[in-house]
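We have chain A already, so just place chain B with the ligands on it with the hints.
Number of protein chains: 2
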Amino acid sequence: MMMLEVVFTISIFVLTSSAEKLSIDGQRVVDQLTKLATFSDHQNPAVTRILFTPNDMMARSYVKELMTSAGLTIREDAMGNIFGRFEGSDATLGSVLTGSHCDAIPLAGMYDGTLGVIGAIEALAALKKAGYKPRRALEVMMFTSEEPTRFALSCVGSRAMSGALTSEYLSSKLDENGTSFLEAANAVGYGSSTYHQLLQDALVPKGKIDYFVELHIEQGPELEKESKDIGVVTAIAAPAALKVEFHGDGGHAGAQLMPLRNDAGLAGAELALAVERHTLATGSVDSVGTTGVFEIKPGAVNSVPREARLGIDIRDIDGVRRDKTVESVRASAKEIAERRNVRHTVTLVNQDPPAICNSDIQTAVAEAAKELGLSTKSMVSRAYHDSLFMARIAPTGMIFIPCKNGYSHRPDEFSSVKDIQQGVHVLALTMAALSGGSWPQDKSEL
Amino acid sequence: MMMLEVVFTISIFVLTSSAEKLSIDGQRVVDQLTKLATFSDHQNPAVTRILFTPNDMMARSYVKELMTSAGLTIREDAMGNIFGRFEGSDATLGSVLTGSHCDAIPLAGMYDGTLGVIGAIEALAALKKAGYKPRRALEVMMFTSEEPTRFALSCVGSRAMSGALTSEYLSSKLDENGTSFLEAANAVGYGSSTYHQLLQDALVPKGKIDYFVELHIEQGPELEKESKDIGVVTAIAAPAALKVEFHGDGGHAGAQLMPLRNDAGLAGAELALAVERHTLATGSVDSVGTTGVFEIKPGAVNSVPREARLGIDIRDIDGVRRDKTVESVRASAKEIAERRNVRHTVTLVNQDPPAICNSDIQTAVAEAAKELGLSTKSMVSRAYHDSLFMARIAPTGMIFIPCKNGYSHRPDEFSSVKDIQQGVHVLALTMAALSGGSWPQDKSEL
Ligand SMILES: [Mn+2]
Ligand SMILES: [Mn+2]
Ligand SMILES: [Mn+2]
Ligand SMILES: [Mn+2]
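Line by line, the protein sequences are chains A and B.
So for the first sequence, the working numbering puts the first residue at 844; every next one is plus one.
So for the second sequence, the working numbering puts the first residue at 844; every next one is plus one.
In short, the hints are calculated from the structure, not lab data.
The model shown is predicted, which means the values in this text are computed figures rather than measured ones.
Treat each hint with caution, since some may be false.
Just so you know, same-sequence chains aren't split out, so a pair can sit in one copy or run between any two.
Unchecked claim - Pairs of lysine to aspartate or glutamate residues, derived as DMTMM-like cross-links and limited to a Cα-Cα distance of at most 20 angstroms, are as follows:
1) Lys1140 <-> Glu1119
2) Lys1086 <-> Glu1138
3) Lys1140 <-> Glu1088
4) Lys1140 <-> Glu1150
5) Lys1051 <-> Asp1203
6) Lys1049 <-> Asp933
7) Lys1140 <-> Glu1019
8) Lys1167 <-> Asp1129
9) Lys1213 <-> Glu1069
10) Lys907 <-> Asp874
11) Lys1140 <-> Asp1018
12) Lys1068 <-> Asp1092
13) Lys1016 <-> Glu1026
14) Lys1140 <-> Asp1255
15) Lys1247 <-> Asp1092
16) Lys1220 <-> Glu1065
17) Lys1140 <-> Asp884
18) Lys971 <-> Asp868
19) Lys1068 <-> Asp1129
20) Lys1261 <-> Glu1065
Pulled out of the complex, with its shape left as it was, chain A reads as follows (with noise of 0.2 angstroms):
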């Protein structure tokens, strides 16, 4: 009889769990997000999603299509920050906020941010559906222009969220037809009439936040390596991005002598080589350097280039290591332009500290997929998040589900249904632990 009862009991326990409450239909998700994906530039697989562009705009609609599906009190700042909220019983609490993006980089692919807006609807959507109360305010966002594609800044909408935007910065990016952000921004409806006025209507007050957390693609092959289900996030490695301009004389590819030339696309290449170097020389495998781009001018097979323009990204966990190989690049940069006899200019787009993940949202997540029978591995993020900005201003996590070969920004990026549906179940746990709310039977009301 002993035995029998608990036998019982542990089955009382599980039919109640709040994790059996919920359900998240990971197919449905994917369904969206390949929908999602339809809003390109370029032909599918392949995802070309740029800042206000028609298929952003498109994308937009989308999204706050799903959120009103959802349920969700839709809202919108100057930045075309989007906003879908499920109110709480306490308004004298922060909400519990959660997102990522759905612009992508050209030839990009269709999970890297758009599963933690999409993602995340679901999970909002799920949680109204099974009766959650939230205490604390769920909200779910869409943020403006994560990738540097289009002003070659990275978070727009969440630097200016926290307050990390300045007018003079922002005014100071032109896209390559040189629109400013505002005058993008009010051509599709967003914006403002001043700078000032843009950055205030973002900026998140004090205390408006309680939590913030973001459902990501790895977008790096450990968990998959691992066997892994759910990744915990413990800290955002540190980015920086670099300019270099270098400019020479160019010449005909037949008159002009090798003694005589100053080519600025050999200067280039140098320095992409340099790039590598100085990351490996650090001898850590959370060193990472990349020259991605590389353009040169007039680009003729015969004339001498007399131009070269860089794109430098450079991420390290460890942000004063990472600020020594900024500088050796740098460093670099000066001795090419010297002993090649190029002028040459390096402008530092953006060097951001790293950030460390809170951790009661670390906890709510190993929880939450210790209810779901799901393994869990705590890792960095090497990519560059919104996350990021909001630890500004929020405690943050992240939730990371495994991704095929770590691909991403590819078109070959690629989540199983299956993780899916376990990130946003992990998701859906984690915000209503931290919300504070009351399932309809819950346990504890027993």
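Okay, now just chain B with the ligands, sitting in the frame of chain A:
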């Protein structure tokens, strides 16, 4: 009495020399070059004029207008080569042909090629005005697409005229919009129904051209440095062009760890530096090697380059040495691709033999210069010219004039009115000598 007679005879000789009979207006040539430069896709002083674009078509109209004003009979072939003819007295002989090109690579200057067209029209107009009667017909022409900008193939018009182009090869060349040469030609009123007919129409029959001479700016610094007026070209360097592509797997600039990368951009950077290294390794100043095209994809600062496309130009006055450099570059491409674990392809775009200039023409140019009291320098042309292909079907020569600092293929390309006037004068006298015609009061008729 005896002495006086001698003085008198010399005086007669000076007055009646052919040089004195010609009036060449250097300023008019510069004015016409300046007008021609306005037909440009970029704002002056930069000149960009791409084959069969509206600006190229306007330039062609202007050239034909000038030919008509000079009293020349105009003919065009299916390739778009334009001829202006001054008939000779002996129809059984071939013509003395001169000419160059009017297309311009992106952001080039206003003298490259154009001088050899506009200056030659002035030369023929002056000969006509002076009453010179050609024996061999005198012809000036504008070649179609000497520059490789649109179809990645240089000297398209002269290759066709000299039989150096097959239907298969020309039809395989598409511009960046996927348009073929035949489609592009037909769209502007040139062309034909088939590639076979197109090339047949342009092919020059045997005996049609007795001499070809091209007037051109040096595109190098030697004449200016040595204060010489006229370059007598002895040979044209052997050009070769390669297209190399590297393909890697790309990835996220933050998340793709360094040991797992196969960065196509870095493979390209190494190859560009290898081109320079192999070129310098010949130890000869006559070897030049250039990576003038360097494009990477996706070209985003936060994305590891997954594709690099290089356009490489290698020239030498020694064909065998040039071929060795080409082979070294091929070997480096292979070695780099294997070491960096990227896929690669090498396409040989062209690998033409050098051309030796005809000695009778060199003598005629040197004598014309001497008659005008101008200094000369025998020299090699390191730049590519239509002359390279004309040399396959006719005795060919080139006349160079100095250009400032040796600059070419850039907006500040410059030759003085005086140098232009002298070059056109030498061209006119050279053509008259090669034509074998008569001056109105020629000494030989006395
Ligand atoms: Mn991304
Ligand atoms: Mn992302
Ligand atoms: Mn040229
Ligand atoms: Mn030329």
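Evaluation of the provided hints:
no.	hint	result
1	Lys1140 <-> Glu1119	between (23 angstroms within a copy, 18 angstroms between copies)
2	Lys1086 <-> Glu1138	both (11 angstroms within a copy, 17 angstroms between copies)
3	Lys1140 <-> Glu1088	both (11 angstroms within a copy, 19 angstroms between copies)
4	Lys1140 <-> Glu1150	both (5 angstroms within a copy, 18 angstroms between copies)
5	Lys1051 <-> Asp1203	within (18 angstroms within a copy, 90 angstroms between copies)
6	Lys1049 <-> Asp933	within (17 angstroms within a copy, 97 angstroms between copies)
7	Lys1140 <-> Glu1019	both (15 angstroms within a copy, 17 angstroms between copies)
8	Lys1167 <-> Asp1129	within (14 angstroms within a copy, 43 angstroms between copies)
9	Lys1213 <-> Glu1069	within (17 angstroms within a copy, 84 angstroms between copies)
10	Lys907 <-> Asp874	within (16 angstroms within a copy, 62 angstroms between copies)
11	Lys1140 <-> Asp1018	both (19 angstroms within a copy, 19 angstroms between copies)
12	Lys1068 <-> Asp1092	between (50 angstroms within a copy, 18 angstroms between copies)
13	Lys1016 <-> Glu1026	within (11 angstroms within a copy, 41 angstroms between copies)
14	Lys1140 <-> Asp1255	between (32 angstroms within a copy, 15 angstroms between copies)
15	Lys1247 <-> Asp1092	between (46 angstroms within a copy, 13 angstroms between copies)
16	Lys1220 <-> Glu1065	within (9 angstroms within a copy, 68 angstroms between copies)
17	Lys1140 <-> Asp884	between (26 angstroms within a copy, 15 angstroms between copies)
18	Lys971 <-> Asp868	within (14 angstroms within a copy, 88 angstroms between copies)
19	Lys1068 <-> Asp1129	within (17 angstroms within a copy, 54 angstroms between copies)
20	Lys1261 <-> Glu1065	within (17 angstroms within a copy, 71 angstroms between copies)
Comparing the model with each numbered hint stated earlier shows that all of them hold.
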